[in-house]
Amino acid sequence: GAGVSQSPRYKVAKRGQDVALRCDPISGHVSLFWYQQALGQGPEFLTYFQNEAQLDKSGLPSDRFFAERPEGSVSTLKIQRTQQEDSAVYLCASSATSGGPQETQYFGPGTRLLVL
Amino acid sequence: GDSVTQMEGPVTLSEEAFLTINCTYTATGYPSLFWYVQYPGEGLQLLLKATKADDKGSNKGFEATYRKETTSFHLEKGSVQVSDSAVYFCALETGRRALTFGSGTRLQVQP
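Residue numbers (our numbering), protein chains in the order written: chain U, 555 to 670; chain A, 3 to 113.
Think of the hints as simulated: they come from the structure by calculation, not from any bench. Every value quoted in this text rests on a predicted model; they were computed, and no experiment measured them. Check the hints yourself; a few may be wrong.
[Claimed, not checked] Coverage of chain A stretches by chain U, computed from C-beta distances (three or more under 8 angstroms per stretch; other residues unrestricted):
hint, stretch
1, 39-46
2, 70-76
3, 99-110
Each residue gets a CB set at the ideal place from its N, CA and C atoms; glycine is no exception.
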């Protein structure tokens with residue numbers, strides 16, 4: 555596809571359920587990022603992959619959050635035992651190489667998670 | 003830690019008015035600075051960026067200048083259009099790849 559895609563676009567979960575959010579980056583992009591955006595706030599960094607290696611997971615809020623990118627392309631963000639405070643939009647972004655600030659991050663449309 | 007502060011919105015302007023959205027930052031080292039825009043129903047898009055002091059980023063009539071002395075990166079446009087209505091996010095990056103965003107400023111342009 556031409557851009558970053560995410561699925562599902564909307565997810566409603568009951569408190570305590572596990573959820574899995576998928577990100578398909580732009581084909582060939584080396585770097586992949588996950589961000590969490592609470593209502594009315596800016597996105598906050600969760601984790602970063604370079605190919606299949608998770609190089610930074612400092613933003614994951616608890617051990618209930620887990621991300622993987624086993625083949626260096628598609629990534630899944632899993633949230634176990636969801637809590638109401640997990641309700642947010644989860645954004646995925648990718649960039650072409652591992653090169654830093656010269657490089658543009660391309661964002662997907664996000665998955666809106668509502669935990670009841 | 004790194005942080006970005008933006009003026010609160012919404013900012014409501016009439017078409018063809020001058021726009022300024024203030025952004026200041028706190029960061030270790032020398033960050034790169036960005037403005038992202040989120041149009042209704044769409045994902046975040048990079049609007050412009052500047053990677054060193056005194057650089058000016060520009061795109062679609064928008065401009066922002068990296069001011070190290072005032073730690074600012076204010077967004078300006080000389081004449082806004084209704085189609086500019088969106089949420090604007092200021093962000094920085096300090097070498098760890100992750101972006102640090104401000105809380106966003108909603109712009110509403112009325113005909």
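So, going through the hints one by one against the coordinates:
1. 39-46: n = 3 at 8 angstroms, threshold three: holds.
2. 70-76: violated (count 0)
3. 99-110: holds (count 8)
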